[in-house]
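Chains A and C, in that order, give the protein sequences.
With the working numbering applied, the first sequence has no gaps in its numbers, which climb one by one up to 440 at the end.
With the working numbering applied, the second sequence has no gaps in its numbers, which climb one by one up to 880 at the end.
Hints are supplied without guarantee of correctness; some may be wrong.
Claimed, not checked - Here chain A is said to cover these stretches of chain C; the calculated rule only asks that three of the stretch's residues, wherever they fall, bring their Cβ under 8 Å from a Cβ of chain A:
| # | stretch |
| --- | --- |
| 1 | 540-548 |
| 2 | 793-801 |
| 3 | 836-844 |
Simulated from the structure, these hints should not be mistaken for laboratory data.
A virtual CB, placed ideally from N, CA and C, is assigned to each residue, including glycine.
Protein chains: 2
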Amino acid sequence: MTFEEIGEWRKTHYTVEITPKLVDREVILGGWVRNFRDLGGMRFIIIQDKFGERQITLKKGVVSDELFEKSKMGYQYCFMVKGIVKVFKAAPGGIEIIPSEFKILNRTPEKLPIDMSGETISELDLRLNNRALDLRSKRNQAIFGIRGEMLNAIRKFLLERNFTEVTTPKIIGSATEGGTELFPIMYFDKEAFLTQSAQLYKEQLSGVYERVFEISPCFRAEKSRTKRHICEIFVLDVELAFGDMYDILKILEELVYYVIEQIRKNQMSLLKCLNMEKKTILPEIPLERYKYDEIIELLDTKYNMDVEWGEDISTEAYRKLGEQLQYYYYITHWPMSIKPFYIMPSKEAKYSESFDLQMGMLELTSGGTRVHNKQQLIDALESKGLNPKSFESHLNVFDYGMPPHAGFGLGIARWITFLCGLDDIREAVMYPRTPDRLTP
Amino acid sequence: MTFEEIGEWRKTHYTVEITPKLVDREVILGGWVRNFRDLGGMRFIIIQDKFGERQITLKKGVVSDELFEKSKMGYQYCFMVKGIVKVFKAAPGGIEIIPSEFKILNRTPEKLPIDMSGETISELDLRLNNRALDLRSKRNQAIFGIRGEMLNAIRKFLLERNFTEVTTPKIIGSATEGGTELFPIMYFDKEAFLTQSAQLYKEQLSGVYERVFEISPCFRAEKSRTKRHICEIFVLDVELAFGDMYDILKILEELVYYVIEQIRKNQMSLLKCLNMEKKTILPEIPLERYKYDEIIELLDTKYNMDVEWGEDISTEAYRKLGEQLQYYYYITHWPMSIKPFYIMPSKEAKYSESFDLQMGMLELTSGGTRVHNKQQLIDALESKGLNPKSFESHLNVFDYGMPPHAGFGLGIARWITFLCGLDDIREAVMYPRTPDRLTP
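So here's chain A without its partners, still in its complex pose (with noise of 0.2 Å):
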């Protein structure tokens, strides 16, 4: 196999920049095959890039013989391609390229692990084998155009409204919120993990930013092989001091809004592409509340299911409740014993100031008031059986002007699943981690 080399060639444009408005213009363009038809004495060529595909067409005797001959590449060859722009009705965007000069850069076997001619869907695990080539099929360039949408929505969201963007330590000297499901690591001659959660630290810095973000990965050692778990996480967290968890239910609720707003006005063909257009609509704010008391008494009066009282809901009632409530709603005010330590109790202290999104049947999210008074913090850890000592950098911080705080955390992947409607939470991660996967 001989490789050409890119020399002085550079792109001219993306493929979708070329349009009617540049008829007989001369253009570079680069990418890869995403299809071709030969009818004997024409070829076309499908070039695809990192925003869309427009066609080459290679007509015997218009084109040089030896053009001809060089367009015969296979799917996914990597190659750039000068050419003149026509109008072209049929074609992806009305446009065709009439090739002057092809350089291919690089080559593919004949045969590919997975479908890339669009056909059909190859099974996942598969696709998961040979991400970078899986990663170039239309239906993964809308999820993950999609995704980059929704980071770039929730950064300018935040930064506008004056939240600091912070980089916490995923490397921890002991456990977060004295969870299990840790991943142990050698640092040095300690023992040390890596972290599940910024909590902590993001209560800490709102101690100093008043108003904090981050979106940083988080690792949780499930051995859970369901669709909604994996093993590095990427997690939005979200904390601000001088308020409380209505404070967060506001913004949290203006974030989806404005996150599907912004996906609905600049990634519209991204959701038509994934049949979304008519699912991922923008929600009614303020959303509906409902208290976990109003919940479980749903459940029993509609479906005659009992949960008691203290207990968390189960699967099943979720599933109730997602035929009831289709769309973004709140449930707050869930029973203290089942949340942990630094969540506030309410003033009746069998409740607490918590809450979850959910989307139907599914928690998107969780958050509350936290508890900022060192003394009541440790009669938390003891009254949840953890050891205020593992705590001890952490607790004396509330020695120095903690504020009253309140937060949230939502992770990006299990929100991609709901806005782009996939079915297992692989899908909307570049490389997934589970316990069953190290690679690629």
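Once you've looked at the hints, dock chain C against the given chain A.
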């Protein structure tokens, strides 16, 4: 200690928003006691918040006795104040607040572990032990304000140039660059590692999204205890396809220029606080480019320092170089023998298509053109004594149309040390990790 509750009170403004325009208006501020003076019948409290500070003035007889008594707060008490804005030229912002009510939200002990009066700077390790408190100092507000501006500027610059923000895994199945200095982790029943660099994944993704970047944690198990090394670093990784090192040299110098321009435009007061307004200045671009051969020639003729061809440049030699070349410049075409396997050799194969971006004596960035031909990459691995079998899932990607590509990596904290004139890289990180430091 009693705590007051925030209740319905919410901040109406940040301190910096309180300007003479708001004279005679009632406002609510929240923050911490930065300083206070007690002149018997008069008391002055400086309240600090996320963005700045303002003076609260209490005159006996003007404010109630009860309020005057309550105003006796210590350093870094967390409190809110309701009061009327008055013009007072000698105070910060030309403003003072005449309070009508306080809420003391959290207290501090009389003696704080580090100096927060701004009169002295406590020893760094002591400050890091009490980081959440330490970060409220003016100096740290300046450092991390500049860091925030830098991160936003980097993102804006790259997104405007069609770079896609990607997320690569932090837990990897095999050694990224075949390096030692990896942190091993137990991944269920398998051995795995924390990533040292996003190198291989960003290369793969340049074969999907063409232009990609990531800003994410990487982990280096180096036991060096210098002022330039930390174990958890935060790295900007950039990669572009259909181009080479010269495209990267241009983008990187434009990025450096843009970031400094934005910092000078939006954060000049923070630069001044660090006495860096005359040092962190706009570089002339294009930056000077020196070949490795020219650098060792210069060291020989000007300083009589003999660097053997093919060797790295010693710290001592860099120190000399820093006398001669004081700001940003490039060193290109390093010997292939000291570059990693994925770097493209030059036509004259003992050289490589690689570069460092230097700032005086210090290296800020490394990068170059990458190999995109699979067989050439296998040969390069073998010539570096690495086993291609361990890179199988990475090498597979090169079967499926990898484009020519090039890129660089840049340590965020290292750059902050230059921009802010810091002596120790730990000052540039919110919660640094070193061989000796796992907390807070």
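Hints and how they fare:
{"no.": "1", "hint": "540-548", "in the structure": "holds (count 4)"}
{"no.": "2", "hint": "793-801", "in the structure": "violated (count 0)"}
{"no.": "3", "hint": "836-844", "in the structure": "holds (count 9)"}
Checked against the numbered hints above, the structure violates only hint 2.
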